[in-house]
Every structure is written in C-alpha cells, then in structure tokens.
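Number of protein chains: 2
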Amino acid sequence: TGVGHPKPHLLSRREVARSRLFAVEELELRFANGAERTFERLTGSGNGHGGGGGGGAVMIVAMPDPEHVLLIHEYAAGFDDYALTLPKGLIDPGEDIVSAANRELMEECGMGAQRIEPLVELSLAPNYMSHRIHVMLATDLYEKRLPGDEPEPLIVERHPIEDIASLLAREDFHEGRAIAALFIARDRLRSERTHEQWW
Amino acid sequence: TGVGHPKPHLLSRREVARSRLFAVEELELRFANGAERTFERLTGSGNGHGGGGGGGAVMIVAMPDPEHVLLIHEYAAGFDDYALTLPKGLIDPGEDIVSAANRELMEECGMGAQRIEPLVELSLAPNYMSHRIHVMLATDLYEKRLPGDEPEPLIVERHPIEDIASLLAREDFHEGRAIAALFIARDRLRSERTHEQWW
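Going down the list, the sequences are from chains A and B. For the first sequence, my numbering begins at 44 and goes up steadily by one. For the second sequence, my numbering begins at 44 and goes up steadily by one.
Here chain A stands alone, though its shape is the one from the complex:
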C-alpha cells in the first residue's frame, strides 16, 4: 500500500529498552529518496500491551437489547483515574477472537453472548506501535460471570447507542478506539434498520 512511495529500507534494528510488559526497538531506515531516519517503536515483551506481538486484543460492543450498549468503569493507570470505556482484553494463546471476546465479556460484565461478529480492526498508534484490536459486536446476551484478573468488580453501565454525543460530553469518556467502535456499530445498526424497512 505504498501509493507512490516504496517502503523504506531497514538499515538496522535493535532493542534499546525492556520492562515486564514493554520493549522498545530502535530502527534505522533509509527512505526511497535517500533520507535516513531513526525511529523507535514499542513491541510487546511477551504478554505485554505494547506491541500486540502475541495474539492481539479484542474490544466488545455488547448490546443487552437493540438500543443499548454496555460500558465499564475501569481504573486507568495512565490517567490515575477511572475511565468509562468498552470491555476489552488480550487474546490468550491459542484462543480465537470470538472466544476471547466472550470470555472478556463474562469477566468484565458478567454476560455471555449467543452471537458475536467482527465489526472492524483498529490500530492504536501505528507510527510507533504494532498493536491491533479486533472490535466485536456481541448480541443475544445472557447472564454468566467468569472470574477475571480485575482487582475489583467493574461497575457496568447501559447507555443508548444512538446517544454518543452525551458520552462525549462526559469527562471520563475519551478513549479513541472505544469512540470509533461505538460510531461504527451505530452506523452498522442504522443501515441494517434502513435495509429492513426497504425489504
């Protein structure tokens, strides 16, 4: 997908920092016009968040009824505060994305879903992270709780999916990927309804 620019040539690549969850890689690149640049990028260190080098991650738009979506209040260490967002988590080794989405939903919201379908795949910060998350639409929910690794039970909230504006007005709702996921799900549901009206 170069669209005019051939990909730069990798001159060298080395790990420059590592923690339990994150690793940082330094890349020396030569672009097609000869310009050379040093980049840093995050890669996962095993089961870390940074790179998504492992199985990747899932985010779930779970609908308990055709008008509402489930949101969680979760402690967000990057902000040292609680944030309102969609349930999500890393895919376990060997797990498929549908099973991962259902497990996270059971752990974080105490609900399972009869029907789970992929909506979109989102990147986080492609300039310096390889992380990708599979956004899944979960419907036909039923009560089922699995123990997760959360330090405390998450507070779960139902919100009308048509009313994204009032979420955006809240101070604790700001995660780009969750906002993208809700708009994509809302547009999908709108177009399905239009389709039904016509046929």
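Some hints could be false.
Simulated restraints, written as ranges between beta carbons of each label pair [stated by the list, open to error]: (1) Asp192/B - Asp139/A: 33 to 43 Å; (2) Leu54/A - His52/B: 28 to 38 Å; (3) Asn76/B - Gln240/A: 22 to 32 Å; (4) Asp206/A - Gly153/B: 30 to 40 Å; (5) Glu214/A - Thr237/B: 18 to 28 Å; (6) Asp139/A - Ala78/B: 22 to 32 Å; (7) Glu71/B - Arg73/A: 41 to 51 Å; (8) Glu205/B - Glu205/A: 42 to 52 Å; (9) Glu79/B - Arg213/A: 28 to 38 Å; (10) Asp183/A - Asp183/B: 47 to 57 Å; (11) Thr237/A - Ser234/B: 14 to 24 Å.
Quick caveat, the hints were computed from the structure, so don't treat them as lab data. Ideal Cβ placement from N, Cα and C applies to all residues, glycine included.
Given chain A, work out where chain B should sit, using these hints.
Relative to chain A, chain B alone:
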C-alpha cells in the same frame, strides 16, 4: 469520577525502563477493597510520544471545502508500512493548540487554515498511557507550506467526509483516533446543516 470506587492508593512508583522517546514506570497500587496490583505505564521521556507528558499532541480534521477532508499517507514504523490517517503531531514547548494544529497542517499538507476550532480530546490507551490528543477542525484553508521533519513529502488525499464507510473498507486506514475524529466531525457538520435548515 470514581462512580462508586474511590481511587486506589499508590504504594510505590519507580522507573523500570527508558529509551530516547519512551519511559516505563511501574506502579504498586492498593484498591479500595484491599487488592494490590502492579501496573506498568508509559510516560514520555522528554519529547517522546509515549506519555504526552509535555505539551501533548494535535490531530487535524482539515476541510478544503465543506464536503472533503484531507488525509495523509505516512510511513508507520509500528506496522512497517504506509498508513492513511489524519495529519497530527506533538505540540512544541510554549505553543498553543491552534498554532500547533496550523503548523502541522502547513508541514504535512502544505495548507494553512483561517479557522481552527477544538472538536474533542481523545486518549490513546488510558490503561497504560497518559497520552491525550486535541482533535481540531480546520476550515477556510489556504496554500502555505512549512518545512517539517518528514523524511519525504507526504502524499495528501481528499476524501468525502460523508463516506467514512469506504475508508473503513481500505486496508491502510485503521487508526482508531482518526476514525473517531472523522465520525465526530461528520456528526458535527450534519447537525450544523440541520440547524441551518431549521433556522
């Protein structure tokens, strides 16, 4: 914004890794119910991307006319490929968000804007990053190029803002924050048009 849960108590905090752009901090936290957990979070190391600890960042929804938005093709080191996204960049020390947005637009798209207004502030991965980006709507554009630090001139594309679906169908368009920004801008423009029709 605890909504039921008081914030966890910080038991300890130390830096566990550092590179030119990134730093990783380890936090020991005790939650209100007594559960203790170790978290890692990325913080900016000076002018780095990770934390946004400095002046933060801006992303621009720039409209050359009332129907189109400017997208850039940029090399994304995290994916080792070109990605289609919105112009964005870090705010320089002492720079305000409007000036930063206009400068990035001039550097990346060769355009300035007579009018720049804030649309929304988005987080990246609040669970482990403090990064926030100010999304700005830029209109009344004029030609003006500033030299940036890009290794090669960016290819700029005009796309109808009403047609986000065809962007989502493309393999090189996947950045969550850019998708959120486009939907928010599109909804804002739709509601302004509706308002104008009525009044």
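Hint numbers the structure violates, sorted upward? Checked against the structure, the hints that fail are numbers 2, 3, 8, while the rest are satisfied.
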